[in-house]
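Novice: The residues making up each chain are set out below.
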Amino acid sequence: MTASKSLTGSEPGRGPGEAPGITTPEAGEITRTAPPLRVALATLTANRTALAGIIIIVLMLGFSFIGPLFYHTNQISTNLPASLRPPGGAHPLGTDNEGYDVLGRLMIAGQSSLEVGLAAAVVATMIGVFYGAISGFAGGLLDGVMMRLVDGLLSIPTIFLLIFLFTVYSASTLLLVLVIGLVAWLVPARLIRAETLSLRTREYVQAVRVVGGTRRRMIIRHIIPNAIGTIMVNATFQVADAILALASLGFLGLGVQPPATNWGAMLSTGVNYVYAGDWWLIYPAGVAILLTVMAFNAVGDGLRDVFEVRLKRR
Amino acid sequence: MLSYSLRRTAQGLIVVLVVSFLTFIEAHLMPGSPARAILGVHASQAQIEAFNVENGYNRSLPVQYWDYLGRLVHGNLGFSYQQNQTVAALLGERLPATVVLVGLSVVVALLLMIPISMLQAARRNRLTDYALTGVAFLLYAMPEFWLGLMLILLFAEKIRLFPPVAPQGNVPQILSHPAGLVLPVATLALGSLAVFTRYLRSSLLDNLTEDYVRTARSKGAGEWRVMLRHVFRNALLPIITLVGLSLPGILGGALITESVFNYPGMGLLYWNSALSQDYPVMLGVTMVVGLATIAGNLIADVLYAVADPRVRYGRL
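Residue numbers (numbering that gives the first Met the number 0), protein chains in the order written: chain X, 0 to 313; chain E, 0 to 315.
Hints listed in this document are in silico derivations from the structure and should not be mistaken for laboratory results.
Beta carbons: idealized from backbone N, C-alpha and C, even for Gly.
Errors might be hidden in some of the hints.
The calculated label-pair distances, taken between Cβ atoms and stated as ranges, are [what the hints assert, rightly or not]: (1) E:Y211 <-> X:R201: 24 to 34 Å; (2) X:A81 <-> E:N57: 52 to 62 Å; (3) X:L58 <-> E:A130: 17 to 27 Å.
If we strip away everything but chain E, and leave its shape as in the complex, we get (with noise of 0.2 Å):
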């Protein structure tokens, strides 16, 4: 268990690598120059070559990229000229409200998840079912956006049930609004509940074909008893791995989610970087997101291996 968790994180951190190595060339693909970037275009020769020093862009790349990869560690993402504010301190405020946005719609997916896949699963190749996978269908075609915007005109405008826009501030606040939280959460909630649900239901049937099933049929166990005490456990397994997969998307369906409701969180802040041309944020942002992704993959990994002891003695 422990080799297998070792090996995992070893090549995580290597993906962590190439990923600081992305952002780097990132860096470097900015209009003009870094400097000219992110001074602006008002900045006199004798600025830039001033901030060229500072921050070693007069040196050659490979010694760049070490300097960069040693801020990194030291937890030094940049600075934002624009607002005057370390990188890692525009993140410190927004990154835990994004946790908490993401977070909370993965939880509501998992738990929405179960009941309507075992519903469809029972009643397999039926009304039920067509009707249920008709509506997942029909959220995994949705644009974020688009669905946000159809739940804002539904639950704010026709029926005020919940306010259209998030409530702002620290996470705290935020928490203390949990009305505000309803339409952000649920927009982000139904389109990972239509890929889970997509995948749980045909990982079901799978298992309902299983030896054990027909074991557990003819010991004189009914539909549901083998459903919930027997499939249900086998065919979640594999939506520990689907839940690390799918957080690339989430957290891209988060920036979406936190644009349309104005949610304080890690997109927006991305989102609002872009506009302003506010190049260190965008980088800072970019690889803070590619390590949350490298660690929730990890985190998944490794759950599953604490699950699924197959997995251990297998490839890695």
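Looking at chain X on its own, in the form it has when it is part of the complex (with noise of 0.2 Å):
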């Protein structure tokens, strides 16, 4: 019984990668194998937790993406004489400190909080899986300097360097993308380096050197795909963490210039009013953040099952 299997609520009696309605063959019986995606897609919906992580992300997706389309607002103009008001109206969330529409805001804050995320993520998955693959296979001296680069880099605390870099440097929406992704790629560095050692070793990595494949080859090849179930639980992760960290800096004020948004920032906004009683500035914008990030990790949890990668988180 592993963690996430009962964290997400899987039922008990069930091991992991099997779904209901595949079936294991009998003695002699010949059955067809289904796809391994359908597998994995069916073993995901079927854990009930990682499908209502799913649901909540395509709706968040469609909320700040599709929802401007239907739900016009002035997000680029402040309107101060309509600020501060309470829902209601023409405003179903009210305005902020500036009058813009707190729902309109909700989307668009949602749109960055969300690109940010997704693509902070997959920078800091592609680096971390070349580093660490190249790590892994190189082995010896090279080895042990590229991973006491990774411990040195993972003991300053992520949100430190973040604060370093943006008062060095102002902030763009590809910035936030790079620099998220660059203080984020060493756990999946530390991960996939950790399976590059046991895969090479193996019969048939070790086969394509015989038949005289290249090393490029083994790790693209073979390597790579080999652990890709790492690879995604983890890259899921990564973008909770980098909606969390895009959270962080955008409460201290860091990372965005108006009148671009995100959820972080707009509950930054929500902070100075919290004790005028404005509810509407500070519970939106922290459920949006809660709840994606929630989703996040029941899908990571869930894909976990479906990989059957017993690995630690963080």
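Take the two lone chains and join them into the complex the hints point to.
Specialist: This is how it looks when you write it as structure tokens:
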């Protein structure tokens, strides 16, 4: 019984990777195995928490990217006479201190939060995968040097690095993605290195060398595809972490240039009005972060069941 | 045991070197030149040149790094021209306050972790377990500043139980106002608690499937005896490593918590220095935070080796 299985509330008695409708063949029975992708999808959707996570992510994406097509608000110029209106009437979630409609702003903020979260996870995963694979494959002194660099970077908390970089450079979406991605690749690098260490000794990887294949081929065609489970599980958690990091940066007032915003930046303005009782400035954005991060974590846990990856998070 | 500790310490020292190299690079990432970034836009060319000569910035990079290492070894973390104080002196005031905050919250998280995870493991896959898991999931996804804010709203505004701002001053002054410590410590502890219970619960469940549990049960031991006398001891071991590994996250959380509650620690110092672009302080704090994490991990690994002899004979 793994941690994630029961955490995500999958039914007891069903092993990981076993989805409903996929039966174990009896002795002598010939069965056609279902395509791996379908098995993965069936397992993932059979896990109720992971399914809920997927639904929430789809809803959040729809809300942020399709919502503004139907709900038109002015999110470019401030409208001070209409500031701090409580919910009701033309503004279902009220207006903020600069007169922006909060519901509309939540959608715009969601776009940048989700964009940055997803893109930073991709950047972090790509760097981490190649770095880890090369380090694990090289072994010896190079591996030692590469991994001590990871240890060193890991011992400085992410937020300290992020604050430093944003004090030095002014913010843009691209920079946010690169910077969050650049401080987040360390964990995937470690995980992939560990996978590579065990995979490189396997016979089918050694066989590549026997038939004259290059090391690059071994890494790209054999090691990375076999570590795909670990990679995907970690990438999903990376999205959640990137959204949280972005929120913390937004709270500190870093990484956003008005009128652009994200959920963390929305909360940061809300904090100033918390004692005035303007709840609509803090709860909607807070709940959006909470739901999205929980959803990605739930899907990550579900994927771990699919790939039967018994890795410890962080 | 000794050779393991020595090997592990040597490895830690190499990582310290890496961190010092990283902060050295950071110093050279500063806008313009270090002199311009530290002295500000109004400094004259002559002042900049004098500064460069005085601090060795006119020498080659490897020599500069060597000098920087030499200063670090002597406890010289730099000088804050804005506050006209050495960084070491500034840290001397703030570091103990952060140690109090982080230490208390880790202790609180560890103490709460034990009964909660045991209850979850004993009532696994039942309502209590699901409810507690749900709470952990929620806390895990909650940004620290948001959690801190919610606690302030609830316990400082609605029911006026604790003050919304942390006590000020040095460590004895902070400790003399325990009520002011409650909310900052709770904010930091709840985040770690979510991670710790997730881990201990799964560790307990993994151990419950071991052969020695079946043996204990066959000898007539009840559920709680098995849990307390057998499973718990084995499951608790990996938590030592987990605490060590969580340190960077906890220190990062401390920075946010300190800025929410205006707690006079190292994180707030770092954040205020970022606001005033006081780079020498930022670099000094980064170095000390890195050192603290490496030391924490080292202590955790050595403690683990003390607790579990198998580690010593395995791979490093």
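Novice: Against this structure, judge whether each hint is valid.
Specialist: For each hint, the structure was consulted:
1. E:Y211 <-> X:R201: 24 to 34 Å: For R201 (chain X) against Y211 (chain E), whose Cβ atoms are near 33 Å apart, the range 24 to 34 Å holds.
2. X:A81 <-> E:N57: 52 to 62 Å: The hinted range 52 to 62 Å holds for A81 (chain X) and N57 (chain E), with Cβ atoms some 57 Å apart.
3. X:L58 <-> E:A130: 17 to 27 Å: Holds: the Cβ-Cβ distance is about 24 Å, inside 17 to 27 Å.
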